[in-house]
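Each protein sequence line maps, in turn, to chains A and B. Mapping of the first sequence onto our numbering: residues 1 to 113, in sequence order. Mapping of the second sequence onto our numbering: residues 1001 to 1112, in sequence order.
Since the hints were derived computationally from the structure, they do not count as laboratory data. The structure presented is a predicted model; accordingly, all values stated were derived computationally and were not measured. Please note: incorrect hints may appear among the correct ones.
Stated by the list, open to error - Mimicking DSS-like on lysine-lysine, the simulated pairs with C-alpha atoms at most 30 Å apart in a straight line are:
#1 A:56 x B:1011
#2 B:1070 x A:56
#3 A:105 x B:1011
#4 A:67 x A:105
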Amino acid sequence: QKEVEQNSGPLSVPEGAIASLNCTYSDRGSQSFFWYRQYSGKSPELIMSIYSNGDKEDGRFTAQLNKASQYVSLLIRDSQPSDSATYLCAASNSGGGADGLTFGKGTHLIIQP
Amino acid sequence: DAGITQSPRHKVTETGTPVTLRCHQTENHRYMYWYRQDPGHGLRLIHYSYGVKDTDKGEVSDGYSVSRSKTEDFLLTLESATSSQTSVYFCAIGQGQDYGYTFGSGTRLTVV
């Protein structure tokens, strides 16, 4: 059973601070990893992808991957109230099958003004 | 969402009736997926398609069937709706698992 684990939160962070979101995955063959943001009542929106060990930066967002530890993280710098949402971590399934991605249950992030 | 639409957006139906949800894409993506999202369970894969007439089951496929007769359309049918199928249903499209997915706006289904 492939699993992606996330702390459900809520994670409360003051405005302007760095928000740190983490997930672990069980499928050691996973090659691609994604972070989605989901506002309440809306659909998930892809915000970051990462494929190699290390950091990947895109604006205020940095994704980090450590395949040896099977660990993925997302840092949000200068957090804004508009960043308040649920963040879903997803990992590709090994074997190259079409069944695609396994999603975590999400971390609820609250940015306090 | 651009390139992918779901219909209807909301539906209330009675237990025991069949229900069909539609997903339509204009991106010409090969892969299409149906997920359901419930509190405490996250996104769970119901069925997926990797081409016209090529479909397969996901982890929660019991009570659901799908059809894909055209690249752009992927239909999800609840054979005989039950209250446990009350959920938010999302369609997603993609070019392959290494590219991530784009999700539709979702269908909120209530079975009474």
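Checked hints:
no.	hint	result
1	A:56 x B:1011	violated, 41 Å
2	B:1070 x A:56	violated, 37 Å
3	A:105 x B:1011	holds, 25 Å
4	A:67 x A:105	holds, 20 Å
In terms of the numbered hints stated before, the structure departs from hints 1, 2, listed from lowest to highest.
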